[in-house]
Amino acid sequence: MIETRGLSKRFQDKKRGEIRAVDSVSFTCKPGQIYGLLGANGAGKTTTLRMLATILEPSDGTAIVCGHDVIEEPEKVRANVGFLSTATALYPRLTAQEMVEYFGQLNGIFGVELKKRVDEIFSCLDMNTFRDRRCDKLSTGMKQKTSIARTLIHDPQVMIFDEPTLGLDTMTARTIIEFIRECRQRGKTVIFSTHVMSEVEKLCDVIGIIHNGKLLAEGPLPELRRNYSENDLEEIFVKVVGPHCASAEA
Amino acid sequence: MNLQAIGVIYRKELTEWVRDRRTLISTVVVPLLLFPVLILGFSYLAVRLVGQAQKEIPSVMIIGGEDSPGVVAALQKVDTLKIVPYSADWKNQISEKIIRAAVEIPQGFQTSLDTNEDKTVTIYFYEGEIKSSFGAEHIEKSLKDYRDQVVKDRLAARSLAASILTPFEIKQQNVAPPEKVSGATVGGFIGYLVILLCMTGAMYPAIDLTAGEKERGTMETILSSPVSRVNLVLGKFLLVLSAALATAALSVLSMGISFAGMKHFNTSVQSGRGEAAALVLQLGPKPVLLIFAMALPLAVFFAAALMTIALFAKTYKEAQSYLTPMTFVVVIPAVASLLPGVELTPKLALVPILSNSLVCKEIIAGTYHWNSIALIFGSTCLYAAIALFLAVKMFQREDVLFRS
Numbered sequence: 001m002i003e004t005r006g007l008s009k010r011f012q013d014k015k016r017g018e019i020r021a022v023d024s025v026s027f028t029c030k031p032g033q034i035y036g037l038l039g040a041n042g043a044g045k046t047t048t049l050r051m052l053a054t055i056l057e058p059s060d061g062t063a064i065v066c067g068h069d070v071i072e073e074p075e076k077v078r079a080n081v082g083f084l085s086t087a088t089a090l091y092p093r094l095t096a097q098e099m100v101e102y103f104g105q106l107n108g109i110f111g112v113e114l115k116k117r118v119d120e121i122f123s124c125l126d127m128n129t130f131r132d133r134r135c136d137k138l139s140t141g142m143k144q145k146t147s148i149a150r151t152l153i154h155d156p157q158v159m160i161f162d163e164p165t166l167g168l169d170t171m172t173a174r175t176i177i178e179f180i181r182e183c184r185q186r187g188k189t190v191i192f193s194t195h196v197m198s199e200v201e202k203l204c205d206v207i208g209i210i211h212n213g214k215l216l217a218e219g220p221l222p223e224l225r226r227n228y229s230e231n232d233l234e235e236i237f238v239k240v241v242g243p244h245c246a247s248a249e250a
Numbered sequence: 251m252n253l254q255a256i257g258v259i260y261r262k263e264l265t266e267w268v269r270d271r272r273t274l275i276s277t278v279v280v281p282l283l284l285f286p287v288l289i290l291g292f293s294y295l296a297v298r299l300v301g302q303a304q305k306e307i308p309s310v311m312i313i314g315g316e317d318s319p320g321v322v323a324a325l326q327k328v329d330t331l332k333i334v335p336y337s338a339d340w341k342n343q344i345s346e347k348i349i350r351a352a353v354e355i356p357q358g359f360q361t362s363l364d365t366n367e368d369k370t371v372t373i374y375f376y377e378g379e380i381k382s383s384f385g386a387e388h389i390e391k392s393l394k395d396y397r398d399q400v401v402k403d404r405l406a407a408r409s410l411a412a413s414i415l416t417p418f419e420i421k422q423q424n425v426a427p428p429e430k431v432s433g434a435t436v437g438g439f440i441g442y443l444v445i446l447l448c449m450t451g452a453m454y455p456a457i458d459l460t461a462g463e464k465e466r467g468t469m470e471t472i473l474s475s476p477v478s479r480v481n482l483v484l485g486k487f488l489l490v491l492s493a494a495l496a497t498a499a500l501s502v503l504s505m506g507i508s509f510a511g512m513k514h515f516n517t518s519v520q521s522g523r524g525e526a527a528a529l530v531l532q533l534g535p536k537p538v539l540l541i542f543a544m545a546l547p548l549a550v551f552f553a554a555a556l557m558t559i560a561l562f563a564k565t566y567k568e569a570q571s572y573l574t575p576m577t578f579v580v581v582i583p584a585v586a587s588l589l590p591g592v593e594l595t596p597k598l599a600l601v602p603i604l605s606n607s608l609v610c611k612e613i614i615a616g617t618y619h620w621n622s623i624a625l626i627f628g629s630t631c632l633y634a635a636i637a638l639f640l641a642v643k644m645f646q647r648e649d650v651l652f653r654s
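Here the protein sequences line up with chains A and B, keeping their order. So for the first sequence, my numbering puts the first residue at 1; every next one is plus one. So for the second sequence, my numbering puts the first residue at 251; every next one is plus one.
No lab work stands behind these hints, which were simulated from the structure alone. Glycine included, each C-beta is placed from N, C-alpha and C at the ideal position. Wrong hints could be hidden among the right ones.
Per the computed footprint, the stretches of chain A lying under chain B, defined by three or more beta-carbons under 8 Å from a beta-carbon of chain B, are [stated by the list, open to error]:
hint, stretch
1, 51-63
2, 73-86
3, 92-102
List of simulated lysine-lysine pairs, DSS-like, C-alpha gap at most 27 Å [what the hints assert, rightly or not]:
hint, chain 1, residue 1, chain 2, residue 2
4, B, Lys402, B, Lys327
5, B, Lys643, A, Lys76
6, A, Lys14, B, Lys564
7, A, Lys14, B, Lys643
8, A, Lys14, B, Lys567
9, A, Lys15, B, Lys643
10, A, Lys143, B, Lys564
11, A, Lys15, B, Lys402
Generate coordinates for the entire structure from the input sequences, incorporating the hints supplied.
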């Protein structure tokens, strides 16, 4: 379960002064549900997800992840979260198995238990053929599988995906989409950011449209269709974001 | 602080470090191969060149001397000189290395000897050119021998003993023990190298584990794990520290082997360096352990300071441009300790790097001023603690970790 309460993040920029990257964002994401955070580049998606993964600390507001406050108990939050993004690369000089084992150990899993978990995940993701290959020698698809294995090793209850298919080929992107679906089936709480409308339509139970750090609209896709009298998600997105773009330009 | 987590991070960083050819070259290969190649190669070359120069009988020219057959005959008699016929372009011939030196006998030289007048004989040579210097030395020695003979003849003519001019002999005798002599000659150099190599050994891992992680995109990966940032910094820091100490230890070992090998080349060269090198090998475990004990807080200081600075950078290249000038910051005080007359004082004991270099010099010389050693160790520990504190703080700054 994820619950954000007025989550905000401000940055100081020498030229532009104070920037509100995320501005009082509040939403709830329940177990067995995929929450899609939809927004253009620079809308505040990554910052929001980084705050949920406690990589960044909120300036105002807070979030509760699996019953733990992101400000008060960041390490407990991270122990319950699997975070995957295009920016979370692999260590090039470790093998796929060493990479996954390392994250298992960082999560306090050692010995027989760690070996059992690694074997299970490698079999499940069909990774045994390249388990001893160094990460810098893996193909993009193999790397993505290793990243997925890395996020799953401690069996987290919450999965956070920040534009996980960005720059990937169709087949690799499909692997990721399948994996996100499986997470929902296993009852995990999933939050997923993207600017690709088709992915949101395919996957998300609840959609939040974010722009200039503000959550402008939220709800299941049928509800958004009703509210904005549009069938196509792209048209809904334009209707939600358009007036704010115009006011910003004015 | 979670020791288990620090251990996990350290082991992983060590695995990656051992597999990284770039850092391995700077930490292991360079110190192990560079010193023997440089020291032995240089010594071999120096011995060969000096030996060849010494073996050569220099061609020299006599300018004037037509009215002074005595001195000319004396010079011609010397078998370490080859007298060539006079030529008006003798200056040019010295510059062109056709002849090694020339000696000018002033007009009326022989007569002036008989009338006890003062005359000056001038030797011309090519300064900085070793064979020319040897030629000039041979001429000077021959002239001094001739002068001594003239003095003896004059004294004999007056029925005076030769000892009248030397009522007593003077000789210099070293009373400092061998280790003190070696400390004075190469002690500062050893300290300087240990300090410099501690820094260079720490530099590449410090960059790789901070800016390198940012550039490769693994920083966000590790920050998403439950490990706390304090444990993360300490695990990384321990690896950088290990690299610094390993580089310094391997370098000293390599230097020892090189100096031992250098003894073979010392037989034909009477150089202080060769003798001192032999003395270094007599160093017992006490000074060696003490030097490393003194290097430990300094290595901590370097590891933490370099990590702090490198973390600011977004890329490996940017970090290199920040840290390269740091080499000068370290080299200058270390070199200052090698200057003659720079001695360890209570004030200098508080200057990092310089004090460590000076104390190394004293330790190798067998001088143990325990108060100074304690003061330097304590002050360096304090600087190291401050640097480590800053490194931990820096890892908690989002604007540094996610600088864009």
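Hint by hint, here is what the structure shows:
Counting residues of the stretch 51-63 of chain A whose beta-carbon sits less than 8 Å from any beta-carbon of chain B gives 4, enough to reach three: the coverage restraint holds. Counting residues of the stretch 73-86 of chain A whose beta carbon lies closer than 8 Å to any beta carbon of chain B gives 7, which meets the minimum of three for the stated coverage. As drawn, the stretch 92-102 of chain A meets chain B at 5 residues by the rule of a beta-carbon pair under 8 Å; at three or more, the given contact holds. Distance restraint check for Lys402(B) and Lys327(B): the Cα-Cα separation of roughly 19 Å lies within the 27 Å cut-off, and the hinted pair is therefore satisfied.
Annotation: proposed proximity of Lys643(B) to Lys76(A) holds, straight-line Cα distance about 21 Å (limit 27 Å). Of the supplied pair hints, the one linking Lys14(A) and Lys564(B) holds, its CA atoms being roughly 18 Å apart against a limit of 27 Å. Between Lys14(A) and Lys643(B) the CA atoms are separated by roughly 22 Å; this keeps the pair inside 27 Å, and the hint holds. Annotation: proposed proximity of Lys14(A) to Lys567(B) holds, straight-line Cα distance about 24 Å (limit 27 Å).
Only pairs whose Cα atoms come within 27 Å are accepted, and Lys15(A) paired with Lys643(B) is accepted, the gap being roughly 25 Å. Proximity of Lys143(A) to Lys564(B) is assessed by CA-CA distance (about 23 Å); at most 27 Å being required, the pair is judged to hold. Restraint check: the Cα-Cα separation between Lys15(A) and Lys402(B) comes to about 90 Å, which exceeds 27 Å; the hinted pair is violated.
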